[in-house]
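S.K.: Based on the provided sequences and hints, a complete structural model is requested.
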Amino acid sequence: MSAPSLDSGKALTSKVIPTIEGVTTVDAAAHLTPADAVGNVLASARWPESSVDAAGGDTVAPVAGFVVSLFNPLVAEVAERCLRAYYGQPPAARGERTAIVLASVNGDVTSADVVAAAVAAGVRVQPLLFFQSNPNAVLGHVAARWGLAGPVVCTSPTGDPTADAAACAELLFAAGDADAALLITADIAGDTGDRAEAVLVGARERS
Amino acid sequence: MTESARPVYLSGVAARTAFGDHAGLVAGAFAGEPAFAPVTRFSTVGRRTEHAATLPGSPDLVDELVGVIERACPGPRASVPLLLAAHADAGSRALAREVSARTGVAGVSRVYTGACVAATSAVADAATMISTGRADRVLVAAGYLVEPSTFALFDAGRALSRDGRLRPFSLGRQGMLLGDGVAAVLLEAHSTTPLARLAGWSRSGDAYHVCKPKPDGTGLARAITGAADRAGVSISDIDYVNANGTGTTFNDEAEVAALTLVGLDRTPVSSTKSVHGHALEASGLVELVTTVLASGEGVLPVNANYLGADPTCALDLVVEPRRARMGYALTVNAAFGGANTALLLEAA
Numbered sequence: 000m001s002a003p004s005l006d007s008g009k010a011l012t013s014k015v016i017p018t019i020e021g022v023t024t025v026d027a028a029a030h031l032t033p034a035d036a037v038g039n040v041l042a043s044a045r046w047p048e049s050s051v052d053a054a055g056g057d058t059v060a061p062v063a064g065f066v067v068s069l070f071n072p073l074v075a076e077v078a079e080r081c082l083r084a085y086y087g088q089p090p091a092a093r094g095e096r097t098a099i100v101l102a103s104v105n106g107d108v109t110s111a112d113v114v115a116a117a118v119a120a121g122v123r124v125q126p127l128l129f130f131q132s133n134p135n136a137v138l139g140h141v142a143a144r145w146g147l148a149g150p151v152v153c154t155s156p157t158g159d160p161t162a163d164a165a166a167c168a169e170l171l172f173a174a175g176d177a178d179a180a181l182l183i184t185a186d187i188a189g190d191t192g193d194r195a196e197a198v199l200v201g202a203r204e205r206s
Numbered sequence: 000m001t002e003s004a005r006p007v008y009l010s011g012v013a014a015r016t017a018f019g020d021h022a023g024l025v026a027g028a029f030a031g032e033p034a035f036a037p038v039t040r041f042s043t044v045g046r047r048t049e050h051a052a053t054l055p056g057s058p059d060l061v062d063e064l065v066g067v068i069e070r071a072c073p074g075p076r077a078s079v080p081l082l083l084a085a086h087a088d089a090g091s092r093a094l095a096r097e098v099s100a101r102t103g104v105a106g107v108s109r110v111y112t113g114a115c116v117a118a119t120s121a122v123a124d125a126a127t128m129i130s131t132g133r134a135d136r137v138l139v140a141a142g143y144l145v146e147p148s149t150f151a152l153f154d155a156g157r158a159l160s161r162d163g164r165l166r167p168f169s170l171g172r173q174g175m176l177l178g179d180g181v182a183a184v185l186l187e188a189h190s191t192t193p194l195a196r197l198a199g200w201s202r203s204g205d206a207y208h209v210c211k212p213k214p215d216g217t218g219l220a221r222a223i224t225g226a227a228d229r230a231g232v233s234i235s236d237i238d239y240v241n242a243n244g245t246g247t248t249f250n251d252e253a254e255v256a257a258l259t260l261v262g263l264d265r266t267p268v269s270s271t272k273s274v275h276g277h278a279l280e281a282s283g284l285v286e287l288v289t290t291v292l293a294s295g296e297g298v299l300p301v302n303a304n305y306l307g308a309d310p311t312c313a314l315d316l317v318v319e320p321r322r323a324r325m326g327y328a329l330t331v332n333a334a335f336g337g338a339n340t341a342l343l344l345e346a347a
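Just so you know, the protein sequences line up as chains A and B, in that order. Using numbering that gives the first Met the number 0, the first residue of the first sequence is number 0, and each one after it goes up by one. Using numbering that gives the first Met the number 0, the first residue of the second sequence is number 0, and each one after it goes up by one.
Hints listed in this document are in silico derivations from the structure and should not be mistaken for laboratory results.
Covered by chain A, per the in silico footprint, the following chain B stretches (three or more residues, Cβ under 8 Å): (1) 83 to 90; (2) 118 to 125; (3) 154 to 162; (4) 196 to 202; (5) 333 to 343.
Just so it is clear, the structure is predicted and the values come from calculations on it, not from any experiment. Each residue gets a CB set at the ideal place from its N, CA and C atoms; glycine is no exception.
M.R.: Structure below.
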């Protein structure tokens, strides 16, 4: 399958962006949707797909080497769905100029709790948990599978995660470090339950 | 760059490590005297090593971050946004809120959590904000204090050196050791007394593996050439490289491959992790501060704990104190997920 061009996307619906008390967001793009902030939205995917699926109808494929927690498989799942929707099969066209940005408010709290419990109990930590000890690791899985060799950025945003990921992508585009970016937001066991979303965006053409 | 670029100056820096403040850090780095000692902050019973480079007692991360921010930017901060870097966990928002409130900065958009390139990624974003006119002044601060969970994780991953020394690029290297690191830098578009100019910066990915670097070094090499291209300087103009140099077999060899690929294998290189340890999310900022101060002093930091040449690491390593003019100095970092950063400094 030939990959579509990077300028054929559509805009997402605008969202109300919540902020948290006591922390002011400062980027000019921090309250923008991906389309507002960086240009073309090429594809998107989410987990669960719908409220019906949230009750157990949607599945997450396991990722080899990642254990204990849903967080990393969830990130890989939405990335896979989004990239497959646009490119079909790996590798991604122009992957060498495609960045990955992961914005997660709390990160992999399940793995962190498991490690803390093991330390408190004085027992050894599972060696595999070392490899998933930071959010970069699963992005390495996505990058290797799809040939995405642009910058890899992980954040814990103080405002809306989607807007923050878009703001990060906008800075990467402004710096000339990437022409496209896969924006992933994921959090587990939060107020809204487990959820993740991926949006593939391309930089605006600059005159 | 696709937009008209403004200069980016580093006009304030501060760091805290096991050496105390950054004056102690630079003295230790220049002399090549490591700060590793048995950890007293928590029990290391059952671990493969007991060593790390830690500040005395049990310092508080917020207190330490506030301290370095106040030193790097002592004046009014109400109009200065802050980019933070720290370990990813459920406390990130609370950390941002508390540091923001106590320092009076303009706001904190996010905490960068991307492991060993978290802080340098924040610096790259800050530089882009300034160079493109999005901001006139930006603070970047990062902190990691050695704690039992990460120590246990790295021990379980057999990443820690068992002989109590971190020996980057050396024969007999056994791995890394953790170290406390808290640092802050102030970047500005206009400065009458800059410490250095951030002439170039770039980021790249390996697209290779969950945690191993790409052995041929091509990913990191792209970040280095990207930084040099942005600065408009030739690789041969670079006088010193502060390497990522974690002291692990795979990482060091991949980094040597990258440096060789771009033509930096005959340029003086050292990894100051050999004295202050690996401060994870904060490591890149500690190393940037060290490089800025070394550049100002005209002294190359030492690649400490060196036991002899490893044929897979053929570099011009700074194994003894050496004076040299550093017109341009490069600091590179690499992380899990194949994330790479390169920051290129021009002396003031």
